[in-house]
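Assembly of the complex is requested from the two constituent chains, each provided in isolation within its own frame, with the hints serving as guidance.
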Amino acid sequence: MNRGSWFGRRARPSRTASSVPEGIATKCASCGEILFARDFERNQKVCHKCQHHHRLSARERLAMTVDEETFVEIDGHLRSTDPLQFPEYLDKRKRAEEKTGLWEAVLTGTAAIEGIPVVIGVADFGFMGGSMGSVVGERVARAMEMGAAEGMPVVMFTASGGARMHEGLLALMQMAKTSAAAARLDLARIPYIVVLTDPTTGGVFASYASLGDIALAEPGAIIGFAGRRVGNQDVGTKLPDNFQTSEFQFEHGMIDRIVPRKEMRSVLAQLLGLLIQAVPNAE
Amino acid sequence: MLNNAFDFEKPISELEQLIAELRRPEKQDEAKAQGIDLDARIDVLESELKRVMKQVYSSLSPWEKTLMARHKDRPYTLDYVRLILDDFLELSGDRLAGNDEAVVGGPARLDGAPVFVIGQQKARDLRERQRRNFGSAHAEGFRKALRIARLAEKFQKPLILFVDTAGAAADLHAEEMGVSDAIARNLKELAVLRTPIVVIVIGEGGSGGALAMAVGDRVLMLEHAVYSVISPEGCASILWHDSKRAGDAADALKLTAQSAKELGVVDTVIPEPLGGAHRDPVATANSIKQAVSKSLATLAKKSITTLLDERYARIRKLGAWEE
Ligand SMILES: [Zn+2]
Numbered sequence: 001m002n003r004g005s006w007f008g009r010r011a012r013p014s015r016t017a018s019s020v021p022e023g024i025a026t027k028c029a030s031c032g033e034i035l036f037a038r039d040f041e042r043n044q045k046v047c048h049k050c051q052h053h054h055r056l057s058a059r060e061r062l063a064m065t066v067d068e069e070t071f072v073e074i075d076g077h078l079r080s081t082d083p084l085q086f087p088e089y090l091d092k093r094k095r096a097e098e099k100t101g102l103w104e105a106v107l108t109g110t111a112a113i114e115g116i117p118v119v120i121g122v123a124d125f126g127f128m129g130g131s132m133g134s135v136v137g138e139r140v141a142r143a144m145e146m147g148a149a150e151g152m153p154v155v156m157f158t159a160s161g162g163a164r165m166h167e168g169l170l171a172l173m174q175m176a177k178t179s180a181a182a183a184r185l186d187l188a189r190i191p192y193i194v195v196l197t198d199p200t201t202g203g204v205f206a207s208y209a210s211l212g213d214i215a216l217a218e219p220g221a222i223i224g225f226a227g228r229r230v231g232n233q234d235v236g237t238k239l240p241d242n243f244q245t246s247e248f249q250f251e252h253g254m255i256d257r258i259v260p261r262k263e264m265r266s267v268l269a270q271l272l273g274l275l276i277q278a279v280p281n282a283e
Numbered sequence: 284m285l286n287n288a289f290d291f292e293k294p295i296s297e298l299e300q301l302i303a304e305l306r307r308p309e310k311q312d313e314a315k316a317q318g319i320d321l322d323a324r325i326d327v328l329e330s331e332l333k334r335v336m337k338q339v340y341s342s343l344s345p346w347e348k349t350l351m352a353r354h355k356d357r358p359y360t361l362d363y364v365r366l367i368l369d370d371f372l373e374l375s376g377d378r379l380a381g382n383d384e385a386v387v388g389g390p391a392r393l394d395g396a397p398v399f400v401i402g403q404q405k406a407r408d409l410r411e412r413q414r415r416n417f418g419s420a421h422a423e424g425f426r427k428a429l430r431i432a433r434l435a436e437k438f439q440k441p442l443i444l445f446v447d448t449a450g451a452a453a454d455l456h457a458e459e460m461g462v463s464d465a466i467a468r469n470l471k472e473l474a475v476l477r478t479p480i481v482v483i484v485i486g487e488g489g490s491g492g493a494l495a496m497a498v499g500d501r502v503l504m505l506e507h508a509v510y511s512v513i514s515p516e517g518c519a520s521i522l523w524h525d526s527k528r529a530g531d532a533a534d535a536l537k538l539t540a541q542s543a544k545e546l547g548v549v550d551t552v553i554p555e556p557l558g559g560a561h562r563d564p565v566a567t568a569n570s571i572k573q574a575v576s577k578s579l580a581t582l583a584k585k586s587i588t589t590l591l592d593e594r595y596a597r598i599r600k601l602g603a604w605e606e
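The listed protein sequences derive, respectively, from chains A and B.
If you're matching positions, the first sequence starts at 1 in the numbering used here and goes up one per residue.
If you're matching positions, the second sequence starts at 284 in the numbering used here and goes up one per residue.
Bound conformation, chain B alone (with noise of 0.2 Å):
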């Protein structure tokens, strides 16, 4: 049953309690004391179902994925470390002023072959919600990750990101400690690290702080994540002073994977289960676990010159111009 439905969900969610109800029970019990076969209308109503859904979630609009990216109850980082990843432990601090809990990180083993893991946290609760602060790192969560990115570096074992930020934290505390000094040293040590990094979209990639964490050899990218330069509903305001054209806004930034693909800044778009990885988040992980292991598999096989030749290169082709 879908919890929190969009409005663009709204004929799917309808069925589905259509579809409930008459599960039920009485329901059932009613239908035979008259004679009727009810399962016969299940089946065409679930049928059908399945027929909106597929259209509804083939043709999602930039602002509804955006939405997606966003639903509260979609598989965060931690979700995917536990489906994916065994004997992962958590590692803390940046070892110079503190421990940013909207990022974690530490090693793991993925099909038994030790890895570090690094990702952006959200949550749930409201609580963790504030300890985390939304999943907005500040230079103490960048500088941290880039920590454990070192220790990788160090023990040559393959370093995977989890990539889910509606951006970097823009707060005081920020600006004091230094965040854009912490993106920016990410930016350039992620593009020399001397171990393969396989980089996952999972959500929201907001900004410059979605992208301190997601330089690599490989980029992946989840079917309904967004990937953006800046938050439609800051655009709307630039564009037209006014945030509730984020939909325009969505639209003309070209924010989803398919786009992000497209311009190469993403490999592999990895599909999600009908309606949403928050659906059926084990399948997710499953599809998430192939598509790591087939990007680290190639990797592995490459020699670190070649390696770190090939994500310069990859890096110094993105965008677009005329010579």
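Bound-form chain A, shown alone (with noise of 0.2 Å):
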């Protein structure tokens, strides 16, 4: 059969996921086998053949991990300025919104998965690579905070390439402000649970993606520090084949299990199950 015939011209594979004309199918972005859009959308995005964990956007996140018509969103009103007036960033900004149709790199709300009531985060990282700005350091606070004024655990699936360049040192403070909530929850004994999708780097996973008290991760997602380009390597230095994966963050402890994409909604409830104080209508 000639490939070529449904793609106009014979792709080759590449490290992005190239959709096709109409919708009718789409290569593995790992394997570059050919996944027909019905099923690869009923498979959650996950390759049948190589079970790479295509990114989602957090809709299609949401859509598959909270019961439906449960999600209720929480300061979707929040809109982005331009504090240091950066080269380029409304534009970017904009370009997102349209791609995306999302005002920002993360959804927060709140919702219910199997029945427990549960403030969520999901970011989406086609909005500007998922990279934390003010907003969405505001967002994840306030989500933490509503979980720890409501006694409701809190859940954050993470993708993000780490701070927003373009709103400088305020991006960077969005670190301190997520992290400073995280310790909020810490003291209402609140549990939080973070779900590391890929990718997770940067200014993000050295903030509120490294302070869940459980730590889930997908198969296979990029999660580091500094990019694998970034990296200062001493000379010589030879760098392990799953280097900054979840699987890497696993062998070195930072991460309690590695869960697929097809059991994360039980894995959450199971747990979200055993964190919770069971007391109802106690007081």
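It is worth saying that the hints were derived from the structure and are not from the lab.
Computed from a predicted model, the values in this text were never measured in an experiment.
Just to be clear, a hint being listed does not mean it is correct.
Stated by the list, open to error - Restraint-style ranges between C-beta atoms, simulated for each label pair:
no. : chain 1 : residue 1 : chain 2 : residue 2 : range
1   : A       : 94        : B       : 525       : 21 to 27 Å
2   : B       : 437       : A       : 257       : 31 to 37 Å
3   : A       : 76        : B       : 410       : 51 to 57 Å
4   : A       : 94        : B       : 477       : 40 to 46 Å
5   : A       : 91        : B       : 329       : 50 to 56 Å
6   : A       : 76        : B       : 544       : 31 to 37 Å
7   : B       : 586       : A       : 77        : 33 to 39 Å
8   : B       : 583       : A       : 186       : 41 to 47 Å
9   : A       : 63        : B       : 291       : 52 to 58 Å
10  : A       : 94        : B       : 410       : 49 to 55 Å
11  : B       : 355       : A       : 253       : 35 to 41 Å
12  : B       : 433       : A       : 257       : 27 to 33 Å
Unchecked claim - Straight line, CA to CA, 30 Å or less: simulated DSS-like cross-link-like pairs of lysine-lysine:
no. : chain 1 : residue 1 : chain 2 : residue 2
13  : B       : 544       : A       : 94
14  : B       : 527       : A       : 92
15  : A       : 92        : B       : 600
16  : B       : 527       : B       : 293
17  : A       : 94        : B       : 527
A virtual CB, placed ideally from N, CA and C, is assigned to each residue, including glycine.
Below, the structure written as structure tokens:
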């Protein structure tokens, strides 16, 4: 069979999943396998051949994680500004808004996971690389504060290249802000669960993404401090093949469990059930 | 005299050389023999020098400030510890894996009163620079810092943090030891540490590695220090695929102490001696000492609850957004 007949031209395997005209089929970003759209969606965007977990938008993630029609966005009204008048920032953000249909790189809100009420945050890597500027930091912090105030567990799905350079120091300060808010969850004894997804790096990995009581990760996700290219390795240092992946972080004790996408929802529900104080109508 | 002058300091070093030349004994004798009033000429040159210096150092570009902040003669943490504090006793190790010498810390006295001090430590000679990894801490360094911070909390002593790093280490070892976890944990724990914390950015405040030791009740910053989410070089390569445009990136990043104050990240900008901290480390140390003492005196009056509430509020309001 000639693949070319589907693709118009013979597409070469690439790292990024290439969408195919009319949404009939897609190629696996990892192994190049042809994935028919309907099967691909049904399989939660996981390659049936190599199990590569493709990136999801925040909406897609929510749809497969929380109970149907339970998600209610909070702080959706927060809007970024351009505090440094940084070159091209407004244009880039406008393009990201058009591309994703979102106002920012994270959605936060309340929802239920198998009946358990949670505060949930879901990052969208498609929005400027999931980068954390003031609004992302503010939404994450407010979600945590809501969890602490309402006694609801907090679940964060992370996906980010790090702090958003275009907001300079104010972006850096969101690392401190989200981490300080996480401290409030400790004081309130509220469960905080982080799910690290592809990719979670830089200032997000070095702040709220590393502060979960429990850290889960999807298989094969890029997870690390500096990007592979950024790292200033000593000459002759050979990096392990799985450097800065979920598996590498698991081996080094940074992650509790690597959970395949199809099990994520039930593992979260199980975990929440074990962590929350089940005292209905106690107060 | 100016050693290691930058391009923008050329007019200054030329004048200084001229003055030094006129001060040589031979020149003095020569002038006396010819009946020339050399001292008067030197006076003129000196006042011109002062004028030029004021002009140059009061209008440094963000990139020039970056160079100043990285100047190899600039005083480092231990220089200030020696000049400001007494009885400093360095502590070592994170009690988990090792002793990272990119971070130094321990108890000391400030005007007789016990304090704890922790800082990122750069070095001048090559061997020491390697030993201290150029001031870029690994997980062990951040964990050592937190360990010492906890001692300050336990013994109810104020904590002084010196920030001076290009950034956290980003090599294989850093990743293996969980440098992200270590940074994140410092951010979280310093936010709720039950003792007053004063932070001083003395040189380079490089990204998350700097911030991991820069959470406190008051953040002070030296006049020519810089503080940034990313290095100008890194920013330029991402934006324009050209690290040589670091100057443009420094402008865009607004990484100066003056901008950091405008953004609310820094409370006080501490003036440096004319020409920068390295021209007069003692005077710089005195200015830092005054500012730190003043901050600590204010903080000492607050109850621990007020202190922590205000620290949280201070961190919480950082950022720019519309509701
Ligand atoms: Zn595949």
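Requested in this report: Could you grab the alpha-carbon distance between residue 92 of chain A and residue 600 of chain B and see if it respects the 30 Å cut-off?
Outcome: holds, 25 Å
Query raised in the report: Do residue 583 of chain B and residue 186 of chain A keep their Cβ atoms within the hinted range of 41 to 47 Å?
Result: violated, 26 Å
Requested in this report: For the pair we were handed, residue 527 of chain B and residue 92 of chain A, check the Cα-Cα distance against 30 Å.
Outcome: holds, 23 Å
Query raised in the report: How does the Cβ-Cβ distance of residue 94 of chain A and residue 525 of chain B compare with 21 to 27 Å: does it lie in that range?
Result: With Cβ atoms ~25 Å apart, the hint holds.
Query raised in the report: Between residue 94 of chain A and residue 527 of chain B, does the CA-CA distance stay at or below 30 Å?
Result: Since the Cα atoms of residue 94 of chain A and residue 527 of chain B sit roughly 28 Å apart, the hinted pair holds (cutoff 30 Å).
Requested in this report: Using the Cβ atoms, figure out if residue 76 of chain A sits within 31 to 37 Å of residue 544 of chain B.
Outcome: Given range 31 to 37 Å: holds, Cβ gap about 32 Å.
Report task. Return holds or violated for the Cβ distance of residue 94 of chain A and residue 477 of chain B against the range 40 to 46 Å. Result -> Given range 40 to 46 Å: holds, Cβ gap about 45 Å.
Query raised in the report: Taking only the CA atoms, is the gap from residue 527 of chain B to residue 293 of chain B under or equal to 30 Å?
Result: holds, 21 Å
Query raised in the report: Cβ-Cβ distance between residue 433 of chain B and residue 257 of chain A: within 27 to 33 Å?
Result: Taking Cβ atoms as reference, residue 433 of chain B and residue 257 of chain A lie about 29 Å apart, which means the hint holds.
Query - Range hint 31 to 37 Å (beta carbons of residue 437 of chain B and residue 257 of chain A) holds or violated - result: Holds, at about 34 Å.
Query raised in the report: Should the hint that residue 76 of chain A and residue 410 of chain B are 51 to 57 Å apart at their CB atoms be regarded as holding?
Result: About 55 Å separates the Cβ atoms of residue 76 of chain A and residue 410 of chain B, which means 51 to 57 Å holds.
Report task. Evaluate the given range 33 to 39 Å for the C-beta pair formed by residue 586 of chain B and residue 77 of chain A. Result -> holds, 35 Å
Hint violations for this structure: number 8 only, all remaining hints satisfied.
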